[in-house]
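*Asks:* Okay, here's what each chain looks like letter by letter:
There are 2 protein chains.
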Amino acid sequence: MFEKKMRLDALYLFYGKMLTDKQNEIMDLFCNLDYSLGEISELNNISRQAVHDTIKRTEKVLENYENQLGLYERFSDKQKAFEKILQLIEEYETTHSESLILDVRKIIEKEIE
Amino acid sequence: MFEKKMRLDALYLFYGKMLTDKQNEIMDLFCNLDYSLGEISELNNISRQAVHDTIKRTEKVLENYENQLGLYERFSDKQKAFEKILQLIEEYETTHSESLILDVRKIIEKEIE
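Chains as they are written, first to last, in my numbering: chain Z, 38 to 150; chain G, 38 to 150.
Next up, chain Z with everything else stripped away, as it sits in the complex (with noise of 0.2 Å):
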C-alpha cells in the first residue's frame, strides 16, 4: 500500500503537468500535501466515491504516460546507479581498497555509454 502510494507520488511528479486542472487539483492534495480522501472530499464539496473515482482514473492516466514513455523507470535507475555508486565509496572509506574505485568507474562507464 505504501510503495503504491510512493510510486502514484513520483509518476505524479514526473507526468503531472500532462492532466487536467481539475485531475491536478485532487491529485496535489492527495500526493503533494498527503490529504486524506476525506479531507479532499470536504475541501472540495463533492463525495468520497467521486475523490476515490477521481485517483483512481487519474492513476491509470498516469501508468498509460509511464508505460509509453518508460522515464520514470529510467531515472530510478539512475537513482540506484547513484546508490550503488555512495555504497561502494562507503565502503572505500573504510577499507581504501583500490578494487572499489574500480567498480565505481564500471558502473558509471555503463551509464553514460
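As the list makes no split between identical chains, a pair holds if one copy fits it or if it spans any two.
Here are the computed lysine to any residue pairs in the SDA-like style, where the Cα-Cα straight-line distance is at most 25 Å:
1. 147 with 69
2. 42 with 83
3. 97 with 114
4. 42 with 86
5. 147 with 40
6. 115 with 45
7. 147 with 70
8. 54 with 149
9. 117 with 47
10. 59 with 43
11. 93 with 70
12. 115 with 149
13. 42 with 74
14. 41 with 150
15. 115 with 128
16. 115 with 105
To be clear, the hints were calculated from the coordinates, so they are not data collected in a lab.
Model the placement of chain G on the given structure of chain Z, informed by the hints.
*Replies:* Here is chain G on its own, set in the frame of chain Z:
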C-alpha cells in the same frame, strides 16, 4: 546545426512514443537512421517540403512535451553528474588524492537527496 539535430534526436528518443504513426515513420528515418530530407521524400513519395514541414511540426510537438515535463533536462543533468564523477575518479587514479573521493561523495549526495 549539429547540436540542434542532437537535441531533436534526444527529444525523439524521450517522447517519440507520444507521436502519431505518420510522424513516427518520418522521425525514425530522420533521427534514428539519419536519412536526408530528399531520401525520406523519395521513400514516402511526398515532396521534400512536406517532409521538412512534418519534421518542423513534430519538433514543436516534442519541444512542447519537454517544456511541460522537462524530463530530458533532468536526465541530462544526471548524465553530467556521472561524467563529472568519472572525471574525478580518473583524476584520483593518477593522483590518489583522497579529497577527490570526498568530491565524488558530495555530487552523489546532491543527486540522491
